[in-house]
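Enquirer: Protein chains in written order, with the numbering used here: chain R, 16 to 545; chain E, 306 to 538; chain G, 35 to 412; chain V, 878 to 1276; chain B, 7 to 256.
By construction, these hints were calculated from the structure, which means they are not laboratory data.
Small disclaimer: the values here were computed from a predicted structure and weren't measured.
For each residue, glycine too, the CB sits at the ideal point set by N, CA and C.
Just to be clear, a hint being listed does not mean it is correct.
[To be verified] Listed below are the simulated PhoX-like cross-link pairs for lysine-lysine, each with C-alpha atoms no more than 25 Å apart in a straight line: (1) Lys358/E / Lys154/B; (2) Lys920/V / Lys1149/V; (3) Lys116/R / Lys1225/V; (4) Lys225/G / Lys1149/V.
[To be verified] On the chain E side, residues computed to face chain B include the following (Cβ under 7 Å): (5) Gln390; (6) Gly443; (7) Glu468; (8) Pro472; (9) Ser473; (10) Lys476.
Single-letter residue listing:
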Amino acid sequence: MISLRNILQAFVLLLGMATCAYAGPYEDALPKFAADSYSDTEAALGAVAGSGHPLSLSVVEALRDGRLLAANGQIFIREPSGNLLNAVTGQAFGPAPQNLKAVRINNRVRRAVEAAMGGLTLLSSDAGARMDAARAVFRSRDAAALPTLQQAIAKETHADVKQALESARAAILLNQADVSPTDRLAAIASLRSRGDQEAVALLSTLPAGAPPEVAEAASQAAAAIRSRLELWNAAQNVWYGISLGSVLLLAAIGLAITFGTMGVINMAHGEMVMIGAYTTFVVQELIRAYAPGMFGASLFIALPLAFLVAGSIGVLIERTVIRFLYGRPLETLLATWGLSLILQQTVRTIFGPTNREVGTPAWMSGALEVGSLSLTYNRVAIVVFAATVFVTLLLVLRYTSLGLYVRAVTQNRRMAGSMGIRTNRIDALAFGLGSGVAGIAGVALSQIDNVSPNLGQSYIIDSFMVVVFGGVGNLWGTLVGAMTLGVANKLLEPYAGAVLGKIVLLIAIILFIQRRPRGLFALKGRAVEA
Amino acid sequence: MTMLSIENLTLHYGAAQALRGVSVSAAIGEVTCVLGRNGVGKTSLLRAIAGQKPITCGAIQFDGCDISQLKPFERAALGIAYVPQGREIFPLLTVRENLETGFATLKRGERKIPEEVFELFPVLKSMLGRRGGDLSGGQQQQLAIGRALVTKPRLLVLDEPTEGIQPSIIKDIGRAIAYLRDRKDMAILLVEQYFDFARELADRFVVMERGEIVQNGDRSALEGDDVRQRLAI
Amino acid sequence: MKTQSLLDRQAVIVLSLLGLAAVLVPVLNVMTAPGSALHISDHLVPLLGKYLSFALLALSVDLIWGFCGILSLGHGAFFALGGYAMGMYLMRQIGPRGVYADPILPDFMVFLNWKDLPWFWYGFDWFPYAAIMVLLVPGALAFVFGWFAFRSRVTGVYLSIITQAMTFALMLAFFRNDMGFGGNNGLTDFKEILGFPLQSESTRIVLFVLSAVALAAGYLLCRWIVTSKLGKVLVAVRDAESRTRFLGYRVEHYKLAVFTVSAMLAGLAGALYVPQVGIINPGEFAPANSIEVVIWVAVGGRGTLAGAILGALVVNAGKTWFTGALPEFWLFALGGLFVFVTLLMPRGILGTAQDAWTRARARLPSRSAPNALPHAAE
Amino acid sequence: QETIKVGVLHSLSGTMAISETTLKDAMLMLIEEQNKKGGLLGKKLEAVVVDPASNWPLFAEKARELIAQEKVAAVFGAWTSVSRKSVLPVFKELNSILFYPVQYEGEESERNVFYTGAAPNQQAIPAVDYLAKEEKVERWVLAGTDYVYPRTTNKILESYLKSKGVKSEDIMINYTPFGHSDWQTIVADIKKFGSAGKKTAVVSTINGDANVPFYKELANQGVKATDIPVVAFSVGEEELAGIDTKPLVGHLAAWNYFQSVESPENKAFIEKWKAFTKNDKRVTNDPMEAHYIGFNMWVKAVEKARSTDPDKVIDAIVGVQVPNLTGGTSEMLANHHITKPVLIGEIKDDGQFDVVWNTDGVVPGDAWSKFLDGSKDLIADWKTLKCGNYNTVTKKCGA
Amino acid sequence: MTEPVTPTLLYLDNVTVSFDGFRALNALSLAIDHAEMRAIIGPNGAGKTTMMDVITGKTRPNEGSALFEGMHDLTSLDEAAIAELGIGRKFQTPTVFDMHTVEDNVLLALKDDRRPFSALFSRRTASERERVDALLERVRLTAHRRRKAGELSHGQKQWLEIGMLLAQEPKLLLVDEPAAGMTDQETADTADLLRDIAKTRAVVVVEHDMTFVRDLDVKVTCLHEGSVLAEGPLDVVSANERVIEVYLGR
Ligand SMILES: Nc1ncnc2c1ncn2[C@@H]1O[C@H](COP(=O)(O)OP(=O)(O)OP(=O)(O)O)[C@@H](O)[C@H]1O
Ligand SMILES: Nc1ncnc2c1ncn2[C@@H]1O[C@H](COP(=O)(O)OP(=O)(O)OP(=O)(O)O)[C@@H](O)[C@H]1O
Ligand SMILES: [Mg+2]
Ligand SMILES: [Mg+2]
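All chains should be built: construct the whole structure from the sequences, respecting the hints.
Expert: Here is the structure:
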């Protein structure tokens, strides 16, 4: 890349020298950048991009990145390496002028820059850049780019890019009155095969005065795409539901142990989640300060740490407070409520009351496109993560004696002791496990929610709702409960709105419990009724 | 050899005294039987031995060591197994899981349910997957005894093990207790109201009244009407 | 045969303290000079009144939780509904004195372009109607809710969670501006009650006295319930619900009856609360509020009635004091108090004090008569 | 030594602590500064801080405590509308002074309250104008939390937009509950609404905690400012501190102050703030500036009246002018609102704002909106008319 | 048997109860007459307690019906309604109200109007007081009357529950293992008590103690695997080969 750029620059330099006497549109436009007015900047940008001047790409790039500078009506480009070039000549410029200021841009200019970049990079050698360019042209529908577009299509070898280029061309052609109906019909067909929301938008904004057969085809195509999208839409909503369900599951699963299995009405559960989130924050701060290169791995480092931190706090709480309260489940409510206040205020004192920034690693941004379904990576990650946590926990509880002993201890503490079960240790371990799992849930939630001392509070009610709805003491119940509530919520939301949807859901839970007074996965028989 | 020896045990429930200076001992290869009417303190004595109820004063020696301050699970680890009155099985655990709770004191390699449990109580084998709480009363009682045997005890403490059990199995239990005694590797302390059952098994016995031991002796003393009289109202 | 009488020592103490407060607070407020040590300042009167209404709420929770084992995590809903009923009356009393001077519509309706008063606001300008609604609305909701839940035998945490869901749903609903209850801002800017200005000191004193009287009456009602045979059945239900059924008691009817009574008491508490604090908004439905009420009861001593009153007073006075004196650290103090009480006073402040008292009394005779334990067979 | 007490009534715990704690710190700093300058009327100022804990009735109780028990000369505080509504009667009854520093829905003017935050005409309408003019926006999503401020603002905007010829089908209104955290559906809906071919923008009156997940979701679903810009009225530097802003560059906010504003006053203020909090990363924001203005106005009025007596201060303060932090001067108007410039900023990747537009001068705050039926005839004037809701048609106070 | 003026008191017809495929009761039919005492024996898990569960409304049978006094279908009534019809029960494991005193336990069981309102207004009458005194005397708990029931020993709880059952004055008493945990002497006493009661009411007793059953001297039904294996006088039943095999042992 760098060598290519150097060659290009040398070439540009030569060319610049050859043409310096001649003042073309490029040179005319440049001073407008210095006016510090967005509309002037936009106009100048248009002129530069259309000038065909060899320096125009550098100017546009510089403008986008805030490297286009102005001083005393003169325009300069600061290279990424720090050198200052005269934008007119492309030659290096000696000592920087005093009052050098970056040419400011706003959204409007940024949009124009994108469009310009699109036109300028359609023929780039990098396939990714061409793809971006094709998208930019599709969006800008700039007829001026048509010739270059044709050229690019002819040369294109990548199937994906070619398709993108073609739909960009279609977008331009569709809107042009002077194009033959056959070409426009072909454009409609191309858009129809694209089949997404943007295509519908284009097709339904066909300018008035189009030939009837074109208008007809466009509206048919739009309708066809719409009905297809309808289906995808339903699938999308289910996905949203699953991803919300995973969030609920993560938030609730620790509680399924401390409350569901151990019977502690653990109001401090949310604070354990919060502690996990703050652990992530601290880890990221440290990484930012000492090893910025490892940022991508920050969450993986945070996971075990969050488990340990929240888990040890859980053990500490169990050993100092909860253990005196077994057999008095209702009093655990009082004590853990007190603890949650203390933990919140502690975090507020240490980290301040405001939100803290937890960043998203690059590998978690972006979206996976499956058909017309858009699955954002971070949601996919959360779904996968929730499933992993669930399965691991299930295995731990099933295949180690811990699960058995915890249940034995909760069902009959005295007798469990007489069977030789170390009740203290089991209690501490189980509470630590529940808290630790809450902690790692915090790592995941830090990716989608705010990391503040109030984080835990916002999940505690939902968590109890999930555990109870699913049936206390049953991990599967928690899973099904979380997913049911998540999906139901998301299916209701489009019809009832977020507020009413939630109300309807709460009422549904109340009614459901009437039908199944012990939750979804209720235990039956004498054992429970006694 | 004396496995368990209790000296001068006193126990209170709040301000109320349930045991007053009780002294008993149990030896390996013997069945020691505790007799007495309702509410005289038999269960309280066993709870004190198992560590479920802290004692007020007195000494509990097990295998030569004082265990009166140990936690229940520590006593279990030493080899005391307890079949409580009222069964106290874990209602939501399956029969198998109930039995497996006995593994807690065992080394990893020894964690197997001994065949003798199923020989003694075949019904348990057919109901391994059923929740303990769903069993019938007698089945639960059998489970409670079986569960105690899983821990491979050196002292087996049984509180009215025949309660609610059908006659044929009572006979089996009697035979089993005799068998365990004759293996000569454990001491057995038995609380029993069912006099004939006690008489057949007891090597030695004590009779309690109002939290005190009022009579003790060996098997021959049980033959007369004396003890029966004491148990009458 | 000794029965717990309606007016045992505890009841006498509670009632006389309340009576004393009802007399002393106005006297000290009016008769003493503002500087003197005994003076109860003007701003303290509504504050104390607020505590008393909270105490009544706590009492209503103790009635069902302490004696019938129904842990309602949604009792704030009944309190808030009573409060809203009172708030609607006070709102209608504003009349044309609102900022938009609409004689009928409250300000927030004008503001949202409502043209007519919604039907459910009819009648609230008439105090007796509002007063009935204060009891009727929470009572009816509790009755319907309880009828379904108790008939379906929803118990334990399941019941707790659906009560929580109920108050949560109500909170969201009342937050909605379209509901016609003023949305998030709720009802505020009240002017007068029964023609007496709410800002005047004498009205406040009367409200305080009324709160004390209502609390005393509520306490007596609860006492009556728990000392009657009904109370014994409730405790039986709390400890062994199904056994009670086998004795022929229709558990659901018992639960429904006390739940409804308790909700009405909570509604009354809300109605007393609103004129004294001057605002009612959906925040009162917040699940956390209801949990807090349960905590007052636990702090004071569950199942002792007087303990619920004590708990509400202690925690709220503590909150007032801490939020002023330790604004940055009061959560530590409050949280610490809760942990402290659970660990060291397992039966709450009053329960533990009672235990200590009985133990102290039991110790004396037990020394002379070591055979404290009765024996069946003599 | 006798002091003049100043009440600080901001939540230090509960849901609002996240926003309000900073304002408490700002007030402590301003008071400390003033004391360094020699105090007021020869006496030292003393801050009385209480915690109303995000609990609205508690606000009223604490206000009463501050005024009646602590005898403060003025109170600076409240954030949410409901907390202001809750304390209003107390201030009226006990005749004290409240400075309220947050942008709000308007429709109010009280003798005892001074509104130093923006009224809708000082924030919402200029922002919409900017988008329509500069970004050629034709389609609008009005997204807000379901409470009074968004409802009113959206009502005003809706009627304003319609008056500008925007059609009903080009306006989408969406309300969410407080603390809404799952924005997947709504962001997807916005995307869909925005892909109809017309330039679309989102006007966000989403409140408090809900913003962070909202912006995180915008970033996740790749809604870029160049496609669908979002302009927010409740998102400032403080809120952005909790989000990674790189994917959000170009989204907008409308305020009367940004930390990035270049002026000597602002530079000095920021320096003092960082020194006071001993933290280089602490940011400043609009409500802080509002307190700065309000506090200085109060000081000036007290000096002018030579007394802290509320009646005298209320009389003296109207017309008082103090410098604001953006390099201009703000004046207390007769309607108890102030004049302020309106600024529009685009989010930068460092969590600050780039001011892309500002009004030439200052805009006077309107207590009553011209775009609402109920209030278009109302004006407030505490100087001559002595009335907060004077009806210009019926010529009567009290509408 | 004398001419039945009214139909049989309790008639179980073809009752089947299964739990996840396991038949705890298998087409069980049984008739109990007015003022009849019936002893039920049978191996552990034969379905004796389940049968009582069906009669008292705790368990709904999958099939079959249970008629009381010839007109009330017990399978469609709930526990409280059945209790009000006059069916009282003592449970296999003693269940009493732990937090109530011994005398309150009895008091709660006393035959009385069960509606909440009457409970609120109910005042204790002298006759009630006498009855409680008499009952406590009968179950030998007078000395413990003020203690909390939860503090009683196992056997004392058994007695208390019997007292509660008597207090209800039911038409039909279902008594599940009343002698468990009692001394031989007490067992005999219990038998006396039951015989006494059975003069005026119907009693169904489940017990494994053969001495006790012999003392009762009534018709015996032996259940096995959910249905009747043998019926008749104890001597006949206990001579039955199958009964010996599955129940009595050799
Ligand atoms: N938890 C308790 N609290 C108070 N007193 C108790 C408690 N448990 C037992 N008691 C009393 O202690 C005494 C002895 O009870 P214990 O259970 O040891 O008797 P027991 O001999 O086992 O009787 P049973 O044969 O009926 O089982 C009884 O009077 C009983 O009431
Ligand atoms: N809920 C249930 N789920 C599965 N099996 C059950 C359930 N309830 C009872 N059973 C089984 O039904 C059978 C009958 O039990 P029941 O309690 O009626 O026996 P029983 O005759 O009373 O025995 P016992 O003499 O031991 O008390 C037993 O095998 C028991 O395990
Ligand atoms: Mg016993
Ligand atoms: Mg049975």
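Enquirer: Each hint should be assessed against the structure and marked as holding or not.
Expert: Hints, one by one, checked against the model:
1. Lys358/E / Lys154/B: 19 Å, holds
2. Lys920/V / Lys1149/V: 23 Å, holds
3. Lys116/R / Lys1225/V: 17 Å, holds
4. Lys225/G / Lys1149/V: Answer violated: Lys225/G to Lys1149/V is near 44 Å, above 25 Å.
5. Gln390: 5 Å, holds
6. Gly443: 3 Å, holds
7. Glu468: Because about 4 Å separates Glu468/E from the closest Cβ in chain B, which is inside the 7 Å limit, the hint holds.
8. Pro472: 5 Å, holds
9. Ser473: 3 Å, holds
10. Lys476: 5 Å, holds
In terms of the numbered hints stated before, the structure departs from hint 4 and from no other.
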